[in-house]
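Peer 1: Here is what each chain is made of, one letter per residue.
Number of protein chains: 2
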Amino acid sequence: MDKAQLKKAGLKVTLPRIKILNILEASDENHLSAEDIYKSLLLNSEQIGLATVYRVLTQFEAAGIVNRHHFDGGQSLFELNRGGHHDHLVCVECGKIVEFVEEIIEERQKSVALEHGFTLVHHSLTIYGICPDCQP
Amino acid sequence: MDKAQLKKAGLKVTLPRIKILNILEASDENHLSAEDIYKSLLLNSEQIGLATVYRVLTQFEAAGIVNRHHFDGGQSLFELNRGGHHDHLVCVECGKIVEFVEEIIEERQKSVALEHGFTLVHHSLTIYGICPDCQP
DNA sequence: ATGTATGCAAAACATTTGCACCTGG
DNA sequence: CCAGGTGCAAATGTTTTGCATACAT
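If you read the sequences in order, they're chains A and B. The first sequence begins at 1 in my numbering and counts up one residue at a time. The second sequence begins at 1 in my numbering and counts up one residue at a time.
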């Protein structure tokens, strides 16, 4: 249940937060921009400002409820954190996003950080390509 | 010689382009923002607008002369393309950037793209961590 | 000469913030 | 009740664009 998730993060259970969480959960596309979410709220006739969407998403990010990605092209995309870490394959033609997990790459990244004396915080791997549907 | 590089890209050899190329080559920091370059030009008392810096960098990117990176935090960083592909390790404390090459990771990325039927275009791997100097 | 480039100012975006009002616990 | 949350509008930071002028070939 969503409300517990919010409380655990020390956030009051407010209508905007619940609505936004619902949209993230219900969307068939896992990666949404703040604008996408805002439009979605408008469609549902919700009276929520874009600024609030950004504020809520930023708080959700800090609470580990969502992850923020900066793929090529201006805006950030937000994805519900469903637990398992994964990286992304993005189609440069149609924008489709495919998630993948590659244990070997994860391992090697840890080694690289270690070799350079870095304490690993997080990482971002995005492969850009042309998906099967956009192939000539 | 720089001029040949510009001509080869179909770009006229103009003063702003040469100056910007010089700054990229001369800087001891390989990764500069448009603003960094602009400030650098001002220090050298060059009369070049920020808009021109952006236009030139965008053209350089299209010509393969520089690479553009979107690390965490607003602006883009530009790096002279010296040939060898590499990925980046970024310190979240001080912003230091270390380049690295990891053949195994490169290989696995190709496999991942292939397995999903994607034609690989390019990729971006950034590891964020805390560098030795910023370690507590 | 002539098509490109440039400078400047203004526009366009994505995101953040100030502030008065509202609301959840 | 009251700290925290929200809406709106205005501010911000970065990058792009329109347009008249200047320059490379």
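Simulated from the structure, these hints should not be mistaken for lab results. It is possible that some hints are incorrect.
[Said to hold, decoys possible] Think about it this way: if two alpha-carbon atoms lie no more than 27 Å apart in a straight line, the pair counts; the simulated DSS-like pairs of lysine-lysine are:
| no. | chain 1 | residue 1 | chain 2 | residue 2 |
| --- | --- | --- | --- | --- |
| 1 | B | Lys39 | B | Lys12 |
| 2 | B | Lys3 | B | Lys39 |
| 3 | A | Lys96 | B | Lys19 |
| 4 | A | Lys39 | A | Lys19 |
| 5 | A | Lys19 | A | Lys96 |
| 6 | A | Lys110 | A | Lys39 |
| 7 | A | Lys7 | A | Lys19 |
| 8 | B | Lys96 | A | Lys110 |
| 9 | B | Lys110 | A | Lys110 |
Note that the structure is predicted; figures quoted are calculated from it, not measured.
Peer 1: Mind checking the alpha carbons of lysine 39 of chain B and lysine 12 of chain B for me, to see if they're no more than 27 Å apart?
Peer 2: holds (24 Å)
Peer 1: Can the restraint linking lysine 7 of chain A and lysine 19 of chain A be considered satisfied, given a maximum Cα separation of 27 Å?
Peer 2: holds (15 Å)
Peer 1: Starting from lysine 96 of chain A, check that the Cα of lysine 19 of chain B is at most 27 Å away, please.
Peer 2: Answer violated: lysine 96 of chain A to lysine 19 of chain B is near 39 Å, above 27 Å.
Peer 1: Under the criterion that the straight-line Cα-Cα distance not exceed 27 Å, is the pair lysine 110 of chain B, lysine 110 of chain A satisfied?
Peer 2: Judged against 27 Å, a Cα distance of about 20 Å means the pair holds.
Peer 1: Has the given pair, lysine 110 of chain A with lysine 39 of chain A, been kept, meaning a C-alpha gap of at most 27 Å?
Peer 2: violated (39 Å)
Peer 1: Does the structure keep lysine 96 of chain B and lysine 110 of chain A at a Cα separation of 27 Å or less?
Peer 2: Roughly 18 Å between the alpha carbons, so the hint for lysine 96 of chain B and lysine 110 of chain A holds.
Peer 1: So if I understand the rule, the pair passes when the alpha-carbon distance is 27 Å or less; does lysine 39 of chain A with lysine 19 of chain A pass?
Peer 2: Roughly 12 Å between the alpha carbons, so the hint for lysine 39 of chain A and lysine 19 of chain A holds.
Peer 1: Between the alpha carbons of lysine 3 of chain B and lysine 39 of chain B, is the straight-line distance 27 Å or under?
Peer 2: holds (23 Å)
Peer 1: Are the Cα atoms of lysine 19 of chain A and lysine 96 of chain A separated by 27 Å or less?
Peer 2: holds (25 Å)
When held up to the earlier numbered hints, the structure conflicts with 3, 6 and fits the remainder.
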